[in-house]
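Read top to bottom, the protein sequences are chains A and B.
Per this note's numbering, the very first residue in the first sequence carries number 23; after that it's consecutive.
Per this note's numbering, the very first residue in the second sequence carries number 207; after that it's consecutive.
Since the hints were made in silico from the structure, they are not lab data.
Among these hints, one or two may not hold up.
As the list claims (entries may be wrong) - Mimicking EDC-like on lysine to aspartate or glutamate, the simulated pairs with C-alpha atoms at most 20 Å apart in a straight line are: (1) A:141 <-> B:448; (2) A:267 <-> A:61; (3) A:106 <-> B:445; (4) A:205 <-> B:498; (5) A:205 <-> B:302; (6) A:106 <-> B:448; (7) A:124 <-> B:302; (8) A:108 <-> B:447; (9) A:266 <-> A:283; (10) A:106 <-> B:458; (11) A:290 <-> A:75; (12) A:205 <-> B:445; (13) A:108 <-> B:302; (14) A:205 <-> A:175; (15) A:141 <-> B:447; (16) A:71 <-> A:51; (17) B:525 <-> B:498; (18) A:141 <-> A:225; (19) A:141 <-> B:458; (20) A:266 <-> A:279; (21) A:124 <-> A:51; (22) A:106 <-> B:447; (23) B:321 <-> B:302; (24) A:124 <-> B:458; (25) A:108 <-> B:448.
Predicted model, so just to flag it, every value in this text is computed and none were measured.
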Amino acid sequence: MSALNKFRETMRRDQVFDIVNKQDYSEVDTSHGQILYVEDVTVSFDGFKAINELNFYIEVGELRCMIGPNGAGKTTMMDIITGKTKPDKGSVWFGQNINLLKMTEPEIAQAGVGRKFQKPTVFEHHNIFENLEMAMAGNKGVWATYRAKLSSEQHDRIMSVMDTIGLTDNSTQRAGALSHGQKQWLEIGMLLMQNPRLLLVDEPVAGMTHQEMDKTGELLTSLAGEHSVVVVEHDMDFVRSIAKKVSVLHQGSILAEGTMDEVQNNQKVIEVYLGE
Amino acid sequence: MFKLLKGDRGGQVFLTLLTLAAILIPIFNLILPESSPFHVSTFTVTLLGKYLAFALLALSVDLVWGYMGILSLGHGAFFALGGYAMGMYLMLQIGDRGVYGNPDLPDFMVFLNWKEIPWFWHGFDNFWFAMVMVALVPGLLAFVFGALAFRSRVTGVYLSIITQALTYALLLAFFRNEMGFGGNNGLTDFKDILGFSLQSDNTRIALFVASAIALALGYLSCRSIVTSRLGRVAVAIRDSEDRVRFIGYRVDHIKLAIFTFSAVIAGVAGALYVPQVGIINPGEFSPIRSIELVIWVAIGGRTTLYGAVLGAFIVNYSKTYLTGVAPETWLFALGALFVFVTLYLPNGIVGLLKRKQA
Ligand SMILES: Nc1ncnc2c1ncn2[C@@H]1O[C@H](COP(=O)(O)OP(=O)(O)OP(=O)(O)O)[C@@H](O)[C@H]1O
Ligand SMILES: [Mg+2]
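Looking at chain B on its own, in the form it has when it is part of the complex (with noise of 0.2 Å):
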């Protein structure tokens, strides 16, 4: 672990601040009194908690862009996929504590007068079954798509618009209620995880703290690829993919392995997601959404993975914190910012701050 941060003085900041929050930040909910100034209280730690989902996903984003060149503009619907996993594994956990009282059948399923669960809902009441499913389902979709896309040498622009094309589709399916995923409501109202109640202030920062570590073993695990010699050729495919080609890699496998792998891990980050926000819903999968993320990695800085994470960050909380005091002007807030960085800072905010240093 150590040998990977070498050098890395972005990622040893970043890891260490993630170190002291999830240390800290517990101890100064659980146990400061409410009156202290320093109490944390468990709205913000689920607000941090699903920032770190969110980095976790910018990540994923840098990782296929920044290294690799792929502008995927659907990376979104890997993180809602992992996110409905995890929902269906919650909606099962209500058992007959819903508004109908069935035990069987989730409320949406009873209120379209279903009588038995569809098969694809089989085993996500298994934790473990749920978690697998988490990675495997958007995975799985990354490599079907990517091994026909990457096959027939789709790059570019054409390729962001197929990812596009991928979770505007996704969208619009999940949008159905005969699709089974509880339409346009999506997946909501879950009480309980592994028998711990979500309402619970301990719950919540089992939550933040697992975001935590999951961020943390994400970052290293993309930052092992990116000092290989794998994440060089990667860099390489961006700049010059026949070249790559001509000197014997075979650029399609290794576009689609890394391809899947963020995918894998964008779909961790939905799963974080949706128990600390309490819902999951085809908005999830909507194209702006996708875009979002792009630009966060970019206003981060991408090609450096703590820029990503930065960029999250920064973002999300201007999110929050315009939403909160004029809502309607966040849109426009966000693409003024994204219009600012690429004129001005190609590099994002950690390009301005090297250069700063230099």
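Excised from the complex, chain A in its bound form (with noise of 0.2 Å):
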């Protein structure tokens, strides 16, 4: 069956020639100054609507916060996005010009969003520098990467990661080594060396000291501006610290937006974590 749809995908008229109009995804398009539109997005899991008619958008070099409860699709919206799960219908696109639907994992990433896993992902057997290294900007072909060598501007780039995401002391400590907190700032510095413009960071907090969130909070504000960040993040007092505007997910779509403050006196939000 799912072998016949591909099969119906790949024959189909206007992806035939998907070669010859590749987008160009070197320049996203923000001059109405929203970087991510999600329209009308739908995602079923064997009849189970995961994602069920999501709208938002994101400005430039907004932070938003995301919040809801288990099980109400934030991930799974990350995945949309960055090219993982293909929805059933809508449409999500990068800018105005860059359709993300169109396009494979990473393509995505060139194009310009990073993102976090919820379970801390970094190259264990790798050292902090290599797994900086790894991620950089650039031409990730089989040929180049094969021949890539650092230049001195590559260099310093890794070094004024390391020093952003605050591990300059062990750069060359294996990143399996690290502690759970380490690892979610390694993979945090991962995502900038890709010269994102969108960073996608799910649960980042999580399995943190209080210290070591008050240092991501520090670090994702200071990253807002020149990026736009996305955080979904279940812990509220973390929300509180870093957030303007919050967008509550329930059940698939958006149930509320607005400030830390609204939403948190919003009554439906009140009766999806309260009540039923």
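The task is to assemble the complex, starting from two chains supplied on their own in separate frames and drawing on the hints.
So, in structure tokens, the structure goes:
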């Protein structure tokens, strides 16, 4: 069945010339002030609608927090934006000119969308420097990667990101030996190496101490402005400390949007979190 | 070259030993009289040459398994295809010296009452054409197979199983007489290579040295991959494929390139093996052969290239020894060795040596 679908997919007339009308990802057009447009997106798994008519927009340079109970669809939403899951319907645009639904995961990453997984995922057998080096923006084709030599600017760039994420002291330490919190930072650092315009950060403070949380909060707020940042988090104190605008996701759609105070006083939100 | 070996103690030792062997063994064989205690018999030279070909094969397995996490249980197929390409060249060198004395057709075709040589044998009378095929045929198969498998993201056990199926399918195909590769008996009774008799000591020595050179080049090329950023990304794919995709690499392309390269190396190993043992038959495609290769690498120590080489030598030496004294015990011994290594030496013999050193 899925093979048949795949076949149909590849045989569709408008897809045949994929190679010809390859989009130019180099410049994302944000002249209307928006960097991400998610419109009417629906995804179901075996009939269960994990995302249901989801609509939201992210502005250039914005720091947006997304909260919502377990299973609300937060991670699935990121899967859709980054190309891991294809929605049943709806549209997802990066700026006004880049249709993310037509692209593969690496293409989306190359276009400037960086993603941190819910479970911190770094390359455990490589050291911190190597983790950052591999993530660095640039030609990631097979041959170019084989021939890659580190220029001194690139070296400096890695060092400066290492500084940003506060891991300068142990650049040759294996990532597998880092603490949980440090892995989270390293993964954020790997996103930064890609020079992304948009960062999607799934539960960055899970398993962190309070001190680490504070540092992470500072890091994320400092990234906003130059980048647009979407943070999914359960920890309300953390969200309160960094958020300007909060979206509440519930059963696959946006339930409420506004400042933390507005959202917390919203009757529907209170019902979802306390009632039922 | 020296840059490649920086920090690679094991590799330095291995290449030094290999160079010494490539220089001294010919001298001990050709110059020292047979009465000398240091004389190396031609039989031994050929046996060592065979081990060198196996070591090259082990490298190719380690490259995809140790460094990229693809447990290929079908690498024997690439080895065998390289071997067959060489075997076809050698067959056509026999000319009218076969049992049936037919100058145009190999014996098995005469036996099958074929009137002319099949189209896919054309060109194999030319050595260089055959050498291109040695690399091209396994490379192309790996490319097509990999393109399908990696694109549809087949990984893990499923991938291992279909690599087994691949080599098994080839085994069945090559068994058939109609395929035109000598069926059950394979290709054998070779006479000479590039005009030199395969029976002569000089040719044997030349093949041995050629194998040593190929192994050294194979080692250096694998080393140049694993020390490059591409090699680091390959290891990253092994450890977390999704993460690699989300930082912008085409995982399928990288897997395909390295898998194909590895298959070419395996093919070259097969081509070096065949003239030294004098036969290639479908048995080389048998699934158990491919599993054996993986065991060599596991025993030597995967993710260290010299570990793969060491494993190939140790296991094959043991095999030669055991099949001499108690042939029926070999498979049990191999199984036991594998279980022992998996349980107690997860990083193989090299892991043990490293631990001792630390
Ligand atoms: N691949 C999948 N197949 C089937 N169901 C899925 C799949 N991915 C997600 N789901 C379901 O979709 C719903 C939304 O999951 P999602 O992971 O997006 O939630 P979440 O908001 O990230 O939750 P959490 O806060 O626990 O991380 C869940 O009910 C989940 O079980
Ligand atoms: Mg989640």
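Cross-check of the supplied hints:
1. A:141 <-> B:448: holds (12 Å)
2. A:267 <-> A:61: The given pair, whose Cα atoms are some 19 Å apart, holds under the 20 Å limit.
3. A:106 <-> B:445: holds (18 Å)
4. A:205 <-> B:498: violated (38 Å)
5. A:205 <-> B:302: Not satisfied, since the Cα-Cα distance of roughly 70 Å exceeds 20 Å.
6. A:106 <-> B:448: holds (9 Å)
7. A:124 <-> B:302: The hint is violated at about 62 Å.
8. A:108 <-> B:447: holds (19 Å)
9. A:266 <-> A:283: holds (10 Å)
10. A:106 <-> B:458: Given that 20 Å is the threshold and the Cα spacing comes to 15 Å, the pair holds.
11. A:290 <-> A:75: holds (18 Å)
12. A:205 <-> B:445: holds (15 Å)
13. A:108 <-> B:302: violated (64 Å)
14. A:205 <-> A:175: Not OK: residue 205 (chain A) and residue 175 (chain A) at ~25 Å, beyond 20 Å, violated.
15. A:141 <-> B:447: holds (14 Å)
16. A:71 <-> A:51: violated (31 Å)
17. B:525 <-> B:498: holds (11 Å)
18. A:141 <-> A:225: holds (8 Å)
19. A:141 <-> B:458: violated (23 Å)
20. A:266 <-> A:279: It holds: about 11 Å lies between the C-alpha atoms, which stays within 20 Å.
21. A:124 <-> A:51: Holds - the C-alpha atoms of residue 51 (chain A) and residue 124 (chain A) are around 17 Å apart, at most 20 Å.
22. A:106 <-> B:447: holds (13 Å)
23. B:321 <-> B:302: holds (15 Å)
24. A:124 <-> B:458: holds (18 Å)
25. A:108 <-> B:448: Measuring from Cα to Cα gives roughly 16 Å; hence the hint holds.
The structure fails hints 4, 5, 7, 13, 14, 16 and 19 (numbered hints given earlier, in ascending order).
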